[in-house]
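Chemist: For chain C, the structure is supplied; the task is to place chain H with the ligands on it using the hints.
Quick note, the sequences are listed as chains C and H, same order. For what it's worth, the working numbering labels the leading residue of the first sequence as 3, then goes sequentially. For what it's worth, the working numbering labels the leading residue of the second sequence as 1023, then goes sequentially.
Check before you lean on any hint, since a few could be wrong.
Claimed, not checked - Listed next, the stretches of chain H that the computed footprint assigns to chain C, with coverage defined by at least 3 CB atoms under 8 Å from CB atoms of chain C:
1. 1080-1093
2. 1099-1113
3. 1117-1123
Stated by the list, open to error - Cut-off 35 Å, straight-line C-alpha distance, at most; resulting in silico cross-link-like pairs (DSBU-like, lysine-lysine):
4. C:K124 x H:K1099
5. H:K1161 x H:K1326
6. C:K124 x H:K1107
7. H:K1093 x H:K1248
8. C:K124 x H:K1093
9. H:K1099 x H:K1322
10. H:K1107 x H:K1161
Calculated directly from the structure, the hints in this document are not laboratory data. All C-beta atoms in this analysis are idealised placements derived from N, C-alpha and C, irrespective of residue type, glycine included.
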Amino acid sequence: MSCFILRRTLSAGVVIFGVVTVIFVLSRLIGDPIALMIQPGMTVADIEELRAIWNLDAPIPEQFIRFLGSALTGDFGLSIWQGQPALGLVLESLPATLLLTSAALLGALLLALVLGSLAAIKRDSMLDRTLMSLTLFGQSVPNFWLALMLVLVVSVHFHLLPPAGYGTGSHLVLPAIALGLFPLARLTRLVRAELLDVLSQDYIRTARSKGIAPWLILVRHCLRNIAISLVTVIAVDFGTLMGGAVVTETIFAWPGMGRLMIDAISHRDFPIMQAGAFVVALVVVLTSLIADITYAIINPRIRYA
Amino acid sequence: MVTDTPLLRVEGLRTALGSDGNNFDVVTGVDLELREGETVALVGESGSGKSVTALSIARLLGPRLRTVAGKVLLNGKDLLSLSEKGMRQLRGRDIAVVFQEPMTSLNPVLRIGTQLAESIRRNPVAASSVRDRAIALLKSVGITNPESRIDMYPHQLSGGMRQRVMVAIAVAARPRVLIADEPTTALDVTTQAQILDLMQARMAEFGAATLLITHDMGVVARYAQKVNVMYSGGIVERSDVHSLFAKPAHPYTRGLLNSMPRLDRPRMGRLSAIEGLPPSVLTRPKGCPFQPRCAFRIDKCSQKPPLESIAAGHEAACWRAREIASLPLDDQADAPAMRSGS
Ligand SMILES: Nc1ncnc2c1ncn2[C@@H]1O[C@H](COP(=O)(O)OP(=O)(O)OP(=O)(O)O)[C@@H](O)[C@H]1O
Ligand SMILES: [Mg+2]
Chain C
3 MSCFILRRTL
13 SAGVVIFGVV
23 TVIFVLSRLI
33 GDPIALMIQP
43 GMTVADIEEL
53 RAIWNLDAPI
63 PEQFIRFLGS
73 ALTGDFGLSI
83 WQGQPALGLV
93 LESLPATLLL
103 TSAALLGALL
113 LALVLGSLAA
123 IKRDSMLDRT
133 LMSLTLFGQS
143 VPNFWLALML
153 VLVVSVHFHL
163 LPPAGYGTGS
173 HLVLPAIALG
183 LFPLARLTRL
193 VRAELLDVLS
203 QDYIRTARSK
213 GIAPWLILVR
223 HCLRNIAISL
233 VTVIAVDFGT
243 LMGGAVVTET
253 IFAWPGMGRL
263 MIDAISHRDF
273 PIMQAGAFVV
283 ALVVVLTSLI
293 ADITYAIINP
303 RIRYA
Chain H
1023 MVTDTPLLRV
1033 EGLRTALGSD
1043 GNNFDVVTGV
1053 DLELREGETV
1063 ALVGESGSGK
1073 SVTALSIARL
1083 LGPRLRTVAG
1093 KVLLNGKDLL
1103 SLSEKGMRQL
1113 RGRDIAVVFQ
1123 EPMTSLNPVL
1133 RIGTQLAESI
1143 RRNPVAASSV
1153 RDRAIALLKS
1163 VGITNPESRI
1173 DMYPHQLSGG
1183 MRQRVMVAIA
1193 VAARPRVLIA
1203 DEPTTALDVT
1213 TQAQILDLMQ
1223 ARMAEFGAAT
1233 LLITHDMGVV
1243 ARYAQKVNVM
1253 YSGGIVERSD
1263 VHSLFAKPAH
1273 PYTRGLLNSM
1283 PRLDRPRMGR
1293 LSAIEGLPPS
1303 VLTRPKGCPF
1313 QPRCAFRIDK
1323 CSQKPPLESI
1333 AAGHEAACWR
1343 AREIASLPLD
1353 DQADAPAMRS
1363 GS
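In isolation and in its complexed conformation, chain C is listed as follows:
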């Protein structure tokens, strides 16, 4: 077990280092942030002084080493645009993003379990075929288009839910749907496929031979086996959703990391970008760690191995 933790920690470290390095390089490629700050009447000396504040006067390798050194102590520097510690700004916007992605994924998962099970149990029926066509649709609709359509129909036309903003449950509904439709479609197909596989296993026949209720067979004998294959997929989806949240948050003015990052990119605010990348990488790594532990807990075959 301790070997497992050590291995996971090491690989997590490598992943986070890699992500942070890539972002460091990319943020230098998108242009000079200071160029956006130049005001009429500034002298060359003023500009050089600004550069020095963010170490931009040093050679790139040196900048990188210094960046790593302070990052290790949790210091990602000051936001160029907002002048506050970058990590603090990122962490402030993290809960909103986590709320949105968790709501989207949880809703998608619960609905996918119901719809996927229905489709598998009523295999090849009208219901199954309709659901499968809908999931194809759901997987091919672009996230931003769906978001705009939801705003247009639900908010602008029928005035059912607020078109944008943050704070109450009703604000969460539309962005969560916009973000959750893709994983819903994907997970529904996955649940259906996994359930069909499990239903054809010998142990389901044994369960049926006992004469126990069909819902008990589904819940006790099938879902647990399906969960084993779902856990890993869900962890990956969670990371993907954090990426997808960028667009959704922008459209719905959701005060999360996605919007913060978009603003940071347009202002070439590299400390925010770097801190953001670090936090996202950390969340993704933690998610996959939690997934591995959950996997070990629900799968008795590896717990004792």
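Modeler: What follows is chain H with the ligands alone, placed relative to chain C:
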């Protein structure tokens, strides 16, 4: 107490492969009878349709197979005409199955105790006593240390242990009919005998009937009172155990008996297994399905022989059944003939 009306009676059971128009019969019209307290064997080579017959009776066939004709009467009630819900209420308590595959027939993510409790709860029982009953059941099928084994997962048990658990699950709700599909295949002889003894003891306790599926004539001789010999989807011989072993009337049964190693006869170089392979459901010959492998074949065999009585309690589906039944059972006599005939 053996009553006259059978507890389970199968009539003209036909089960076919494929759900559309062009079906292939896997079970070609099987009749069986099981009386209270009786153990009836169903024997035959691999692929003869024993498992499909068993699954058809319990209505547990997979999606590719379908029973297309026949009746399965349990106490006079036709199981094949029941709703799925009605059938479910009978499973476990009235009719239970021990499956052939011990390695895959237990759910890998549930503890043994959980899987056993599901059967125990088919009869009214206080929640507090379920665990004790489960432990007692595990003990009764010869599992040592049941108090700790009950909390284990299937992968932590050996094949023999799992097969014992399967037996425990099947007898847990005290079924009136038990279908045991090769409950001991792939186990060593000692374990095999032990499990079968325990299973028989449990069934005798509550006077239930057992349909024992096997391809081992030794098992038949020891545990069954009546035998049905199955070949290529149909019953070719049916008899009480004594006359079947003394006077086998179907060439296929003779072949099965001759392929048994015997201590009371001189050794013959090699065991005479039946030459050739049984036909697949797709290439079954017209007439008698055994004729391509049969040493006693005559022209008439291109017509299918019916299952006919040749003596009291003894039926066979062979045109030369009476003649063959009177031959001495001697592998020297018909084994070479079989070889040259193939
Ligand atoms: N689900 C299935 N799909 C297709 N064919 C099947 C299926 N189940 C059985 N069969 C075919 O039906 C025939 C009878 O199979 P069955 O399993 O009943 O044989 P068996 O007598 O039980 O043999 P064994 O001693 O090996 O268990 C075989 O030819 C087999 O290939
Ligand atoms: Mg079989």
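Chemist: Determine for every hint whether it applies to the structure shown.
Modeler: Cross-check of the supplied hints:
Look at the region 1080-1093 of chain H against chain C: 4 of its residues bring a Cβ nearer than 8 Å to a Cβ of that chain, three or more, so the hint holds. For the region 1099-1113 of chain H, the assignment as covered by chain C holds, since 4 residues bring a beta-carbon within under 8 Å of that chain's beta-carbons and 3 suffice. Given as covered by chain C, the region 1117-1123 of chain H passes the check, having 4 residues with a CB less than 8 Å from a CB of that chain where 3 are the minimum. A C-alpha spacing of about 29 Å is found between K124 of chain C and K1099 of chain H, which places the hinted pair at or below 35 Å, so the restraint holds.
For the proposed pair K1161 of chain H and K1326 of chain H, the alpha carbon gap of about 49 Å is over 35 Å, so the pair is violated. Our distance criterion of 35 Å between C-alpha atoms is met by K124 of chain C and K1107 of chain H, whose separation comes to about 17 Å. Our distance criterion of 35 Å between C-alpha atoms is met by K1093 of chain H and K1248 of chain H, whose separation comes to about 21 Å. At roughly 27 Å between alpha-carbon atoms, K124 of chain C and K1093 of chain H fall within 35 Å of each other, so this suggested pair holds.
In summary, the hint linking K1099 of chain H to K1322 of chain H is not supported, as the alpha carbons are separated by about 39 Å, beyond the 35 Å threshold. For the proposed pair K1107 of chain H and K1161 of chain H, the alpha carbon gap of about 32 Å is at most 35 Å, so the pair holds.
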